[in-house]
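*Asks:* These are the residues of each chain, in order.
2 protein chains.
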Amino acid sequence: MKVTLAQINTHAGDVEKNLQKIKNTISQYASQSDLIVFPEMALCGAPLYDFQNQLALVLQQEKGIKEIHHMVNALGKNLMVVLGAIQREEKGNQSSYYNSAVVIGKDISSYHKQQLPNQGIKNEARYLSSGAEMKVFPLPQGKKLGVLIGEDANSPELLAQLKDQNPDLVVRINSAPFEGESSGQRIQKLQAIQKALRSNFIELNQVGGEGGIIFDGGSTAFTTEGKLLHQPTRFKEAIDLIDTETFGSDFSSLETPAYYDELLSAMQLGLKDYLEKNKISDLVIGVSGGIDSAIDLYLAAQAVSPEHIHAIYMPTAFNSPLSLELSQKLAENLGISLQIGTIQPLLEEYETFADKVLNRPLEGVSHENIQARIRGNILMNIANDYRALVLNNSNKTELALGYGTLYGDLIGGLCPLGDLKKTTVYALAKHINKEKEWIPQGIIERKASAELREGQVDPFDYERDADVVDALLWGGDPQTLAETYPGDSDHLSELAQRVKRARFKAKQLPPVLKLTPQTIGQGTQLPY
Amino acid sequence: MKVTLAQINTHAGDVEKNLQKIKNTISQYASQSDLIVFPEMALCGAPLYDFQNQLALVLQQEKGIKEIHHMVNALGKNLMVVLGAIQREEKGNQSSYYNSAVVIGKDISSYHKQQLPNQGIKNEARYLSSGAEMKVFPLPQGKKLGVLIGEDANSPELLAQLKDQNPDLVVRINSAPFEGESSGQRIQKLQAIQKALRSNFIELNQVGGEGGIIFDGGSTAFTTEGKLLHQPTRFKEAIDLIDTETFGSDFSSLETPAYYDELLSAMQLGLKDYLEKNKISDLVIGVSGGIDSAIDLYLAAQAVSPEHIHAIYMPTAFNSPLSLELSQKLAENLGISLQIGTIQPLLEEYETFADKVLNRPLEGVSHENIQARIRGNILMNIANDYRALVLNNSNKTELALGYGTLYGDLIGGLCPLGDLKKTTVYALAKHINKEKEWIPQGIIERKASAELREGQVDPFDYERDADVVDALLWGGDPQTLAETYPGDSDHLSELAQRVKRARFKAKQLPPVLKLTPQTIGQGTQLPY
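Top to bottom, those sequences are chains A and B.
Note that my numbering has the first sequence beginning at 1293, numbered continuously upward.
Note that my numbering has the second sequence beginning at 1293, numbered continuously upward.
Please note that a few of the clues may not be correct.
As the list claims (entries may be wrong) - Here are a few chain A residues that face chain B, going by a calculated C-beta distance under 7 Å: (1) PRO1409; (2) ASN1410; (3) GLY1412; (4) SER1573; (5) GLY1633; (6) GLN1636; (7) SER1658; (8) ASP1677; (9) ARG1679; (10) GLY1694; (11) TYR1695; (12) ALA1763; (13) THR1816; (14) TYR1820.
What the hints assert, rightly or not - FRET-style restraints, in silico, Cβ to Cβ: (15) GLU1537(B) x TRP1766(A): 19 to 25 Å; (16) TRP1766(A) x PRO1598(B): 39 to 45 Å; (17) ARG1652(B) x GLN1620(A): 51 to 57 Å; (18) ALA1348(B) x ASN1370(A): 56 to 62 Å; (19) LEU1616(A) x GLU1529(B): 55 to 61 Å; (20) ALA1719(A) x GLU1643(B): 42 to 48 Å; (21) GLN1411(B) x ALA1719(A): 26 to 32 Å; (22) SER1781(A) x PRO1751(B): 20 to 26 Å; (23) GLU1425(A) x ARG1679(B): 45 to 51 Å; (24) GLN1411(B) x GLY1518(A): 38 to 44 Å; (25) ARG1679(B) x SER1785(A): 41 to 47 Å; (26) GLN1411(B) x LEU1351(A): 22 to 28 Å; (27) ASP1553(B) x ARG1380(A): 40 to 46 Å; (28) SER1612(A) x GLN1620(B): 42 to 48 Å.
Hint data in this document are derived by calculation from the structure and do not stem from the laboratory.
All C-beta atoms, glycine included, are put in the ideal place defined by N, C-alpha and C.
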């Protein structure tokens, strides 16, 4: 039996576009396939958040399923298609909506997902109903196909129920967001599922970026003995053909890329898809000579061509000559032209306004913040001019600590580093430089500073504090943390206060690229 | 039996503070009471979002419950206290967390909430476990107390189970956010619950504002016959004493305030508590001579004294003399001093920067947006100077349409009108002026304009479009809407596109004061 794993990149909410892609894939691979499998929610795309049970979207999907059915039957062969969609069932005058695996062959049949997730970015339990039973679908030659959807496979009971029905092949369609797992970890989890089933097992996961959420793909297949027989492709579309007759015969050894390589691939996918799906061609970046903007510029250079990158360095009297020098070197390394313009006259005009109108000199925090906000304004000017996206250069540690200026350096359309601790940011920079010094060593080695006043440096020891700040962000208790983290408990309480006070800033952030299980603003909701 | 309804205003996450208030209330009312009832989650406060099952918070509550128990017993009378808290139960090495009604008398016993909500701002089903059974607690003289928590009362099955146990008195502790219901509507719902129970019935609802969410109180009591016997107090703390012996004997007639009066009370509570709970004393408002900033200035004047209001009018050459005149009249009416300062020199300095550094004249959208952003900067300067909160003057229709400038007029710490349609904003202004013309009539009558270029007026017919824009915001289908709303379907499709494109702005808003069932950013998550 020949199975095509169609790991396609869908568009959340664009049924028309997804349908076209699905039909194109079927057209292209039908002749070589007995079964073509698409991801969970392939027809509607994911995540849909509050729109999962939106009637118009579901009606579009019903129409799409009919079209695919018609197409499959017109092919005149025993082709089967499994694809994810939201389906509606009417009982009395009540509609129920399901996360379904639609099995399209001669007929159309469905399996409805039973384990509806209600955590992180997934809120299916809010909008959808649970399916009532596990079942199998007939395959040619009396064989049986079992279907699982996403979190169904986390339930030992459901796996046992499916095993009891003795399927020859089980397909799990999935829509699992990337949360930092390596290929190795992902495969271990899949192996555990296969072990519980003891059948041939295919994993078909969504791939692509959607509003800062990255679906990593990594679709693959296992023999009945649990032998991995397909090199998973992560972070990009992949259409792979598998022959169940030769299952296991031609697969040599698994490549597992280094963690930081996978992280970079994830970030690149997230950024590129964010641009593409929002039809944005240009990026704007404020370069400071610091580590965060340096990595963002590197990511930008990977995502779009140099003429679509608007990089600008905007000093005041507080910025050191070294910052300019390092910014220029960085831009040169990446082949990007760097605009340079002092904002000192603008700063002075605000000082004049404060003196004349507000009757109060611009000083202290006001004087620091206005510099960041002037820069924010200029970046947005450029964005307005070119319909471009401003990258927000913040990292997770700074966001947690509130070490950033609202409407200043906290602006932007996407925050690529916002889910990485400052220490991870440094490690990532070193990894980027492994083959070639893209990021000037001086940027990695210098002391972090916002350069908003004379002699300012970041008032944190990131090596010591980054981990504990992350724990505090999610409600960690300073007293409990004091047992595992270095530093006295006064210091921890002070950090905890700071993190708590900073939450209001996190509520006004652009979407953060999700790279860990707990991401600011992506499936999380911090209180008070 | 004497019951004290302690409709107290708690602080989400501040167990220490809530405990103190609960203990003070018990001290003060113990001598007159047989039973004192506090709201759902009284000890921890609500909403807690991701922190509902935070261990440190639960341990604080366990300690607090012990203290209250000790206190109640030390009083040497048969006092009972019912209060809401999150409780933990250990089974094996797994902890379960419950939304509980803790019944404190000689012993401590609990009822665990069974219907865990998973909608709007409430995500209890994510973090808490459901209780397993309905039960009653012994009252003096062999009588029985039934307890319900919040959404439990939405379940006919649970109401029937409780009725089967023949309670003499049922108390529902609640934590229901205000969503625009009138007192009359709220009481009708309570009557339906009482009708299903046919016992004495007490509703005890949380009151207070928390991060833009308003709990409206409205606690009250019914006789076994369903007769309302207590005037509910909404939108403020209230400690009320009821005698079950005289139930129904001294209550004359219910006052139901006008809708806009209740709406204003809700908004005032939401704003005042936002300030108080975040320890902010001062407000900053950019006054434009338009309707939205006029209402916000009125609300500010109700919330804090004039010397704590920093109102500023910041014209460019595009602002009409009428705008200044109306702004001055408004400030005068409200007894607030208005600062006035042209931002023209700042605008010109940005024009110079664009010419010199960006090599592109500042024009079109860039030229419009920068004006809003300069104003945003100045408002934030003032906020930084006085540790004050900037009010965001947007209304729901403009937010839905994206008719606002990110980091410009969309800045702020709280958005009081963000859940009201433009048409409601006008109606509210007229209501405010009923007794006295606080808001100059000219502001209500003039055509809405952002005044960012010559002769600009808002490109919408709000009377015609406000309702349909609201429907589109939540995923309404233009085709379906065309059947019920005036206007051709091309116009609706255009509005739908606009609303969809505007969603990225809504993701970076300050907290919106929740006044309807569906509020931007408060318990809602719009996709793609």
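*Asks:* Look at each hint and say if it fits the structure.
*Replies:* Do the hints match the structure? See the list:
1. PRO1409: violated (10 Å)
2. ASN1410: holds (5 Å)
3. GLY1412: Hint violated; GLY1412(A) Cβ to chain B Cβ min 10 Å, cut 7 Å.
4. SER1573: SER1573(A) check fails; min Cβ-Cβ to chain B is 16 Å, beyond 7 Å.
5. GLY1633: Where the cut-off is 7 Å and the nearest Cβ of chain B is about 3 Å from GLY1633(A), the hint holds.
6. GLN1636: violated (11 Å)
7. SER1658: holds (4 Å)
8. ASP1677: OK, holds: ASP1677(A) within 7 Å of chain B, min 5 Å.
9. ARG1679: violated (9 Å)
10. GLY1694: violated (14 Å)
11. TYR1695: Because about 15 Å separates TYR1695(A) from the closest Cβ in chain B, which is outside the 7 Å limit, the hint is violated.
12. ALA1763: Status violated, d = 12 Å.
13. THR1816: holds (6 Å)
14. TYR1820: holds (4 Å)
15. GLU1537(B) x TRP1766(A): 19 to 25 Å: violated (51 Å)
16. TRP1766(A) x PRO1598(B): 39 to 45 Å: About 41 Å separates the Cβ atoms of TRP1766(A) and PRO1598(B), which means 39 to 45 Å holds.
17. ARG1652(B) x GLN1620(A): 51 to 57 Å: Between ARG1652(B) and GLN1620(A), where Cβ atoms are some 22 Å apart, the hint is violated.
18. ALA1348(B) x ASN1370(A): 56 to 62 Å: holds (60 Å)
19. LEU1616(A) x GLU1529(B): 55 to 61 Å: Since the Cβ atoms of LEU1616(A) and GLU1529(B) sit about 58 Å apart, the hinted range of 55 to 61 Å holds.
20. ALA1719(A) x GLU1643(B): 42 to 48 Å: holds (43 Å)
21. GLN1411(B) x ALA1719(A): 26 to 32 Å: For GLN1411(B) and ALA1719(A) the Cβ distance comes to about 41 Å; the hint is violated.
22. SER1781(A) x PRO1751(B): 20 to 26 Å: violated (57 Å)
23. GLU1425(A) x ARG1679(B): 45 to 51 Å: violated (59 Å)
24. GLN1411(B) x GLY1518(A): 38 to 44 Å: holds (41 Å)
25. ARG1679(B) x SER1785(A): 41 to 47 Å: Violated: the Cβ-Cβ distance is about 21 Å, outside 41 to 47 Å.
26. GLN1411(B) x LEU1351(A): 22 to 28 Å: At roughly 23 Å between Cβ atoms, LEU1351(A) and GLN1411(B) fall inside 22 to 28 Å, so the hint holds.
27. ASP1553(B) x ARG1380(A): 40 to 46 Å: holds (42 Å)
28. SER1612(A) x GLN1620(B): 42 to 48 Å: Once the Cβ atoms are compared, 47 Å apart, the range 42 to 48 Å for GLN1620(B) and SER1612(A) holds.
Taken one by one, the earlier hints fail for this structure at numbers 1, 3, 4, 6, 9, 10, 11, 12, 15, 17, 21, 22, 23 and 25, listed in ascending order.
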